[in-house]
Structure formats: C-alpha cells, structure tokens
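K.L.:
Got chain A; can you put chain B on it based on the hints?
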Amino acid sequence: DGGITQSPKYLFRKEGQNVTLSCEQNLNHDAMYWYRQDPGQGLRLIYYSQIVNDFQKGDIAEGYSVSREKKESFPLTVTSAQKNPTAFYLCASSIDHRAPLYGYTFGSGTRLTVV
Amino acid sequence: DQQVKQNSPSLSVQEGRISILNCDYTNSMFDYFLWYKKYPAEGPTFLISISSIKDKNEDGRFTVFLNKSAKHLSLHIVPSQPGDSAVYFCAASAGSGGSNYKLTFGKGTLLTVNP
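Those protein sequences? They're chains A and B, same order as listed.
For the first sequence, this note's numbering begins at 1 and goes up steadily by one.
For the second sequence, this note's numbering begins at 1001 and goes up steadily by one.
Mixed in with the good hints, there may be bad ones.
As the list claims (entries may be wrong) - With the Cβ distance kept under 10 Å, some of the chain B side facing chain A (calculated, not the full set): (1) A1070; (2) K1071; (3) G1083.
What the hints assert, rightly or not - Here are the simulated lysine-lysine pairs, BS3-like style, with alpha carbons at most 30 Å apart: (4) A:K70 <-> A:K9; (5) B:K1071 <-> B:K1005; (6) A:K14 <-> A:K57; (7) A:K83 <-> A:K57; (8) A:K57 <-> B:K1056; (9) B:K1005 <-> A:K83; (10) B:K1071 <-> A:K57; (11) A:K57 <-> A:K9; (12) B:K1005 <-> B:K1068.
Said to hold, decoys possible - Covered by chain B, according to a simulated footprint, are these stretches of chain A (three or more residues, beta-carbon under 8 Å): (13) 17 to 25; (14) 74 to 87.
Simulated from the structure, these hints should not be mistaken for laboratory data.
All values reported here derive from a predicted model rather than from experimental measurement.
Virtual Cβ for every residue (Gly too), placed ideally from N, Cα, C.
Just chain B, with the same shape it has in the complex:
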C-alpha cells in the first residue's frame, strides 16, 4: 500500500515559468512533509519541509503548500531554471508521535526545465 503518491512520473516546463509538483498521502498520522531533489547517480538533497500546523512554507524560489483536508501537498518552483532539472521526491513522517520517525517516500517526479 503506497502511502505517499506522486502520480506524475514526469513534468516538463519552460525556463522562467512555474513548476508545480504534486504529492498525495493516505496516512492521516503524517504530520511532517519534506521535498528532496535528486540528480542521477547522486544521493537526494533536502530541499524544503513543512509541518502540518502550517499550510505554506517558502524558501527563495521554492514554496510548499499543504492541504490537510485533501491530504495533498505541492511544491512550486518560480521561476524554473535549467539547473532545477532533477527527480523530486516527496516524503512524509508521523514524527510527532515519537516512534514512527522514519520517512516514507513517494516514487518521484522527473522535472525537466527547457531553456
């Protein structure tokens, strides 16, 4: 049973436009959400996170939105740059419960930003 779903395997956008990556989750116990970026043959790098007590978190060009009622979060990248081309993983954890701290990852979305 996949608890974190990224239903779009790939996304292609033009440089300078907005990229929107989506993520849905099924486990209502999840209360922390993170986005990771991964280049081929490298380990993922942490990008941005959000706690369930918030509905938005912003860091430079990256903004994550959380809709708890819909169990949906999205990552917005504005403006998109060719260097943003990578696989983006959504991850979730029921961290505040103390015992279930490990992250559950989605399958990833390959973002391609065209010059």
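With the rest of the complex left out, here is chain A:
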C-alpha cells in the first residue's frame, strides 16, 4: 500500500541539539509539506516543496531546515535556533501543486519533546 511514513513516532531531544525528522512517501507525489501542530493552534506550515531540489519557507520556518534531494524524501531538521520545538510534526504530500483538487495525504506524525 502506498503512503507516507514518518519516523520516529516519538523523539526526545536535549536543548541545544539539532534533530532530523524523517518523511518518506511512495505515492509518487511531486509536492511535500511539513506542518506543526500545537494545542489550540491548528496546523501551521513550516516548509513545502513542489519538486525535487526546490523548497520554500512556510509561515513558521525560523529554526527549521529541509532538503529535497529525492522525490520520495523530505526530511525536516529542527535546529537549536528553534525556540519552542516541542510539538507534533506532520508531513504531507500531494500529487502536485494542485493540492486543492486532490487534498493532501498526511503521515502519522512525530511527537518531538525537548528535555
């Protein structure tokens, strides 16, 4: 079955450390996205990528970095510059940039906790 795999499901990080969240999809989707969910805040866009080797900042990109070297993979690095990294992180993909026609497929998320 095709889908999006996020790993790990739970991640603990010490303050001052960078950490990378994995997102892999086998849906042959061109576009991929990273969202962050906080209680009472809904989903906020961190970064998105329309195509391999291209990505753009979303609404809350500060303290995060991404890469898109392969169509299937869109890892997110949470750097020590991110002031409040504890959150639930969701990766999503869509067939192409025409997201509103087809919607997104989401992964099951990674819960990051800074200790």
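P.N.:
For chain B alone, kept in the frame of chain A given last:
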C-alpha cells in the same frame, strides 16, 4: 492574521443527531475548501472538499455547504456516530491562481458524539 477560523473549539452531540461544524474565512482569493478529520496521535485524513463554483457537496453522511457572500462554510454529519468523534479541520486554498496552492488550516473543532 488568521485567515481560516473555526470559532468553536468543541462540539458535543448525541448519536443519531446532526453535527454541524462551522468555518469562516477572510481571504476572498480562497476558492477551494476541504475538511479533514484527525484522531489523536494520527495524521489528518481527507474527508470532503468543495470548489467555490458550487454551494453544496455531498458524500454519504457528510455534506459541506459554502456561502461565498458570507465567507462561511459548514460541515454537516447526519446521522452522527460515536466513531465520528475526532478533531475536524477546515482548510482553504487559492488554488486556481496557480501559485498559492498550499492549504491554510483552521484551529480545529473537537467533535464528541455521545452514545
């Protein structure tokens, strides 16, 4: 500035009755609207969508209504079932413009259906 607003953080209904979830938007460029359902510790799943050229879209027990003049949409679930208990997110996109395809999400409404 919150462009997609779900003003009710929670809603509780009895099994078999109608659930009505509301969503307001401020960006007049939005022309595609989607509803997602999310269980705890899981990624959202696509539920139903509507284009601005329509005012109603129906899929089984789920119907979405769009009132463009009021910049308001609603999701009706009839009849409500306990398995419908989840957080529902409203999302919007200015997709037909080509460049602004990314989805903007509301903060979500927690629906509880009581047996």
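K.L.:
Hints first: check each against the structure and report whether it holds.
P.N.:
Tested hints:
no.	hint	in the structure
1	A1070	violated, 20 Å
2	K1071	violated, 16 Å
3	G1083	violated, 18 Å
4	A:K70 <-> A:K9	holds, 22 Å
5	B:K1071 <-> B:K1005	holds, 11 Å
6	A:K14 <-> A:K57	holds, 25 Å
7	A:K83 <-> A:K57	holds, 17 Å
8	A:K57 <-> B:K1056	violated, 34 Å
9	B:K1005 <-> A:K83	holds, 26 Å
10	B:K1071 <-> A:K57	holds, 27 Å
11	A:K57 <-> A:K9	holds, 24 Å
12	B:K1005 <-> B:K1068	holds, 15 Å
13	17 to 25	violated (count 0)
14	74 to 87	violated (count 0)
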